[in-house]
Each structure stands twice: as structure tokens, then as C-alpha cells.
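**Student:** Here are the chains, one letter per residue:
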Amino acid sequence: MSVTEGKELRIIGFLCNWCSYAGADTAGVGRFAQPTDLRIVRLPCTGRINPLFIVRAFMNGADGVLVSGCHPRDCHYSEGNFYARRRLETLKALLPVIGVDPGRFEYTWVSASEGQRWRSVVASFTEQVHALGSMPRFMSGTSLDLCLRPAVQPRVF
Amino acid sequence: MASSLDELKTAIRKALPGLDVVIAWTAGPDALSHAPLFITEEADVARIEWDPRCSQNLAGYLPGLRGKKAGIVAKGCDVRSIVELLQEKLIDREDVVIFGLDCQGAVDARSARAALGSSRGVRDVAIDGASVCFSVNGEPRFFSPGEVLQSKCFGCAGADAGLCDHFAGERGLPPQFGNPPESTLERLEAMDMEERLRFWETQMSRCIRCYACRSACPLCVCQDHCAAQSREPHWVDQTDHPREKLMFQAIHALHTAGRCTECGECERACPMGLPVMTLKRALNRRIKDVFDYQAGIDPNQTPPLFEFREVETNIKEREW
Ligand code: SF4
Ligand code: SF4
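Chains A and B supply the protein sequences, listed in that same order. First residue of the first sequence: 1, per the numbering used here; consecutive thereafter. First residue of the second sequence: 1, per the numbering used here; consecutive thereafter.
Among the hints, erroneous ones may be present.
Computed list of lysine-lysine pairs in DSBU-like fashion (alpha-carbon distance at most 30 Å, straight line) [claimed, not checked]: (1) A/Lys92 to B/Lys89; (2) B/Lys9 to B/Lys69; (3) B/Lys316 to B/Lys288; (4) B/Lys14 to B/Lys89; (5) A/Lys92 to B/Lys316; (6) A/Lys92 to B/Lys288; (7) A/Lys7 to A/Lys92.
Simulated restraints, written as ranges between beta carbons of each label pair [as the list claims (entries may be wrong)]: (8) A/Gln116 to B/Glu186: 42 to 48 Å; (9) B/Glu189 to A/Asn50: 24 to 30 Å; (10) A/Gly6 to B/Ile297: 47 to 53 Å; (11) B/Pro299 to A/Tyr77: 29 to 35 Å; (12) B/Lys288 to A/Tyr77: 38 to 44 Å; (13) B/Asp237 to A/Val29: 53 to 59 Å; (14) A/Cys147 to B/Ala15: 49 to 55 Å; (15) B/Asp237 to A/Tyr77: 28 to 34 Å; (16) A/Asn60 to B/Ile208: 21 to 27 Å.
Hints listed in this document are in silico derivations from the structure and should not be mistaken for laboratory results. Think of the CB as a built atom: it goes at the ideal place given N, C-alpha and C, for glycine as much as any other residue.
Next comes chain A alone, as it looks inside the complex (with noise of 0.2 Å):
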């Protein structure tokens, strides 16, 4: 079903229990087809998502990571994702200085009906990561084999 073609890539979807987990599931039950990259973590609120999440997944090898919560003033905790929405800006500008391609981030809004919407943003962000491609990789071994790193041949993982 996989709209692009060829390897499949990691991408991680921090999603909100209450609209976009939901409206991916209005997607599912709606039959749209959708690219198959994106795993979804379920949370509660984006205002519970640490920028450490997305800091760590890439760290852990995931390619693309997509934040998606209820649309400004629908946040089921009323505030959450005005939180997040600060915190997910701020972290836009750690991301390319670690390495991070700014398009291998994104975060949007995507309330319980709009499962259309849903198809698109994952359509379109899975689209995006291919483009980049995989995420380079850290050299696998410790400090230590990185400074001898000429007589070792590293391990990519």
C-alpha cells in the first residue's frame, strides 16, 4: 500500500489520544490507503510530548518524526498543545545543529473527523522523509573505538 516506492523508512508518530489518534483511526476505518512507514506512539496529550521523545527516536535511528495533536482551543486539557506548540518550535532549532534535517520534523493538527486530512499529512510527510532518505547513522562502538576509528572498521548500524 505504500504510496512511495522501494525501502520502507522509520518514521515515529507522537500522537494525542483524543484528536489525531482518533482521526487516524477514522482514516482506518474509512479504508484510505496510507503509507505504511509511520509507527505510532499514543499519548495522552501533545502537551505531555517532551522534545526529548523526538530528540531520543532520531537518536535511535528513526528517520522522521511527526508530532500531531487536537487543533488549537480542542485540546482536551484545554492548554496542552499551546505548551507544545512552543516547546515543538524551540526544538526546531536544535534539531539541523545536531544534524537533524529540519524536514525530517514536523508537527501539525488533526482533529478525531478529519480522517481525509490525516491521509494527507502522513501522505505528504512520508513523501517529505523519502525525499531526505535515511538518516545518517552514528558510527556504532564507543568514544573509545572512534578515536581509533582508522584501525577499526566501523559497524553502521
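Let chain A serve as the given structure and place chain B with the ligands on it in line with the hints.
**Tutor:** Positioned in the frame of chain A, the structure of chain B with the ligands alone reads:
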């Protein structure tokens, strides 16, 4: 700077009876960096030193002294840290007495040592306009500010004298040094994404995970509850892997986002000389653009990640 040192000593002598402790600087074990001095009795006042070697930001000691009446000697950049601590209600204004100083720049001990070849025999340092003069065994040696001063001094706004309870020297005029040396952030921006990752991989492979950067940070107030040492959640694992060390730097940067005043303590404290303030600088720049906010300026302002606006003027969300 003999005269402002005398002014400072007089002010501290006068205020000391009403205070539990005054934090200042004294000669350190190394001739290029002065050490903190905790003054509790008048006899200690004579040991105070004040010159461009007083690089350490003493504000980090204040949260731990909460509940006591503490005096603190502060350069312009140090005052910003104190203001940030006040903004976050980590210290109480009525318990802190700020002795502001007219600072003309602070020495970066690491680059000064490299420039001089050794820290031996350095007796005095003076900054006048465009040059920094070290008197080494009686001989003057001149350097340009970019060679031997901390990079933060190039963007210095001076101390906000209005916030200081006492002020020694001319009120809050910042030094003017012209163009700053190229920053790590600028160097990184010239690289592609993979090069940036490799840059950090190489830098972080030298990190010894001593967490001095954290201990020196005036805003890292979590003490034994630091995310770097928690097992649940296990943010960083214990392997000696550059990825984990970079993860810690990301934690430090994000935990100080919108709070960091770029006092430079993390880099100054790092025994490996790693450019760990770079991530914080990048976040600060964004926070300035998006929230029009700088940390540690106004004690009554709320840090940007502690609040929100329903309509954010400068946030442009992606259209799908
Ligand atoms: S890095 Fe974060 S958790 Fe650790 S002491 Fe600093 S603010 Fe606290
Ligand atoms: S001070 Fe330097 S060596 Fe120590 S943990 Fe921080 S970055 Fe690593």
C-alpha cells in the same frame, strides 16, 4: 582596576554585618583563573580580587543558599543569571544583595594559557580598548581580545546597574570589542547535515561525562534528580558512546531553553574544551526570533516556555 576593587571592598565591609555570606572571587590555584571566596567575616574581605580573571559566574551558588542572606559580586553577564533565577523564583530578591561591577571583559583561561604558553608568572591583567595586557614576570604581553577573552564578552550589554544594590566603577557601560571571533554555530551552519552529525560525534567522543558543564550551570538546579542519572525514564544509557553524550547535551540545552543567559559557564567548566554552549545559543536565537524574548533581562517577565499565547504571532505552522 584598583579603585573599583577598593570601592567594592568598602561596600562589602559595610554590608557584611547584615549578611550571612558574601560570595566574591579570590586568587585561584592557577594564575589565570580566580576562585570563589565565601566571606563570612571581615578579615576575608582583604582577600577579594577583582580583575579580568574573575571569569566564574558565582550566581550558581545562590539557589543553594536560599533562606540565608547572601551578598554576591556580579559582572554584567552574572547579573543576567541572577535575574533569571529571580524570574523563576529560585531565589528571593529580599535575601540577595548584588554588588555590581563595571566589567571590561573576562579572560578565557584556556585560550589565554595557550596564547601565553603557560599560566606561570602572570601577575596582572588589564584590558584597555582594543588590547589585553598580561603582565608576566614584570614584562607586558599584549593580545587582541579575540585571542584571550571569552566569546560572550563580544555581545556584552553591560550590567543593568539599576538592578544592583551597590555598584563599583562606572555604571554599567559595556566594553566594545568589534567583531567577535567565528562561533561554532557559524562553522556548523556552513556544513551539511551529515557533516554536522559527524562534527558532534567527533567532539562528543572526547567528552568524559564528568558533567562539569551541568554542575557549573547556574540554572541546573535539579541536583540529585538530573535526568542524566535517572533510571526511569532512562534518557541516557551508561555506554561510552558519543550518541549518549550528545543526548545529554540535548537534555541540557532543552532544559535550559528560554532560561539560558549564555553566561558561558558550561564551556568554561568543560575540562575537554568542548563547544557545548552551541546548542543553547541556537535555541536562544530561535527564542529571540519567535518569542522576542531574552532570558535574564527583566525580573518580572515569565520565561517563554512557562506560558503560551492562544494566537502566536510569529509561529507559522505548516500547511498540509
Ligand atoms: S540537565 Fe536538566 S535534569 Fe540535569 S540538572 Fe540540568 S536541568 Fe536538571
Ligand atoms: S564538561 Fe565537557 S567533558 Fe564533562 S560532561 Fe560536559 S561536555 Fe562532557
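**Student:** Now tell me, hint by hint, if it's right for this structure.
**Tutor:** For each hint, the structure was consulted:
1. A C-alpha spacing of about 28 Å is found between A/Lys92 and B/Lys89, which places the hinted pair at or below 30 Å, so the restraint holds.
2. Distance restraint check for B/Lys9 and B/Lys69: the Cα-Cα separation of roughly 18 Å lies within the 30 Å cut-off, and the hinted pair is therefore satisfied.
3. Between the alpha carbons of B/Lys316 and B/Lys288 the distance comes to roughly 15 Å, so the proposed pair stays at or under 30 Å and holds.
4. For the proposed pair B/Lys14 and B/Lys89, the alpha carbon gap of about 27 Å is at most 30 Å, so the pair holds.
5. Distance check on the hinted pair: A/Lys92 and B/Lys316 sit about 12 Å apart at the alpha-carbon level, within 30 Å; holds.
6. For the given pair, A/Lys92 sits about 14 Å from B/Lys288 by alpha-carbon distance, which is consistent with the 30 Å threshold.
7. A threshold of 30 Å between alpha carbons decides the hint, and for A/Lys7 with A/Lys92 the separation of about 27 Å falls inside it, so the pair holds.
8. Between A/Gln116 and B/Glu186 the CB atoms are about 44 Å apart, so this pair conforms to the stated range of 42 to 48 Å.
9. At roughly 27 Å, the beta carbons of B/Glu189 and A/Asn50 sit within the given window of 24 to 30 Å.
10. In this structure the supplied range 47 to 53 Å holds for A/Gly6 paired with B/Ile297, their Cβ-Cβ distance being about 51 Å.
11. Distance hint check: the CB atoms of B/Pro299 and A/Tyr77 are about 30 Å apart, consistent with the given range 29 to 35 Å.
12. A hinted range of 38 to 44 Å is violated for the C-beta pair B/Lys288 and A/Tyr77, which are about 29 Å apart.
13. The beta-carbon spacing between B/Asp237 and A/Val29, approximately 39 Å, falls outside the hinted interval of 53 to 59 Å.
14. Between A/Cys147 and B/Ala15 the beta carbon distance is about 51 Å. The supplied range of 49 to 55 Å therefore holds.
15. For B/Asp237 and A/Tyr77, the hinted distance range of 28 to 34 Å is satisfied, since their beta carbons lie about 32 Å from each other.
16. Checked against the given bound of 21 to 27 Å, the beta carbons of A/Asn60 and B/Ile208, roughly 23 Å apart, stay inside it.
When each numbered hint is compared with the structure, violations occur for hints 12 and 13.
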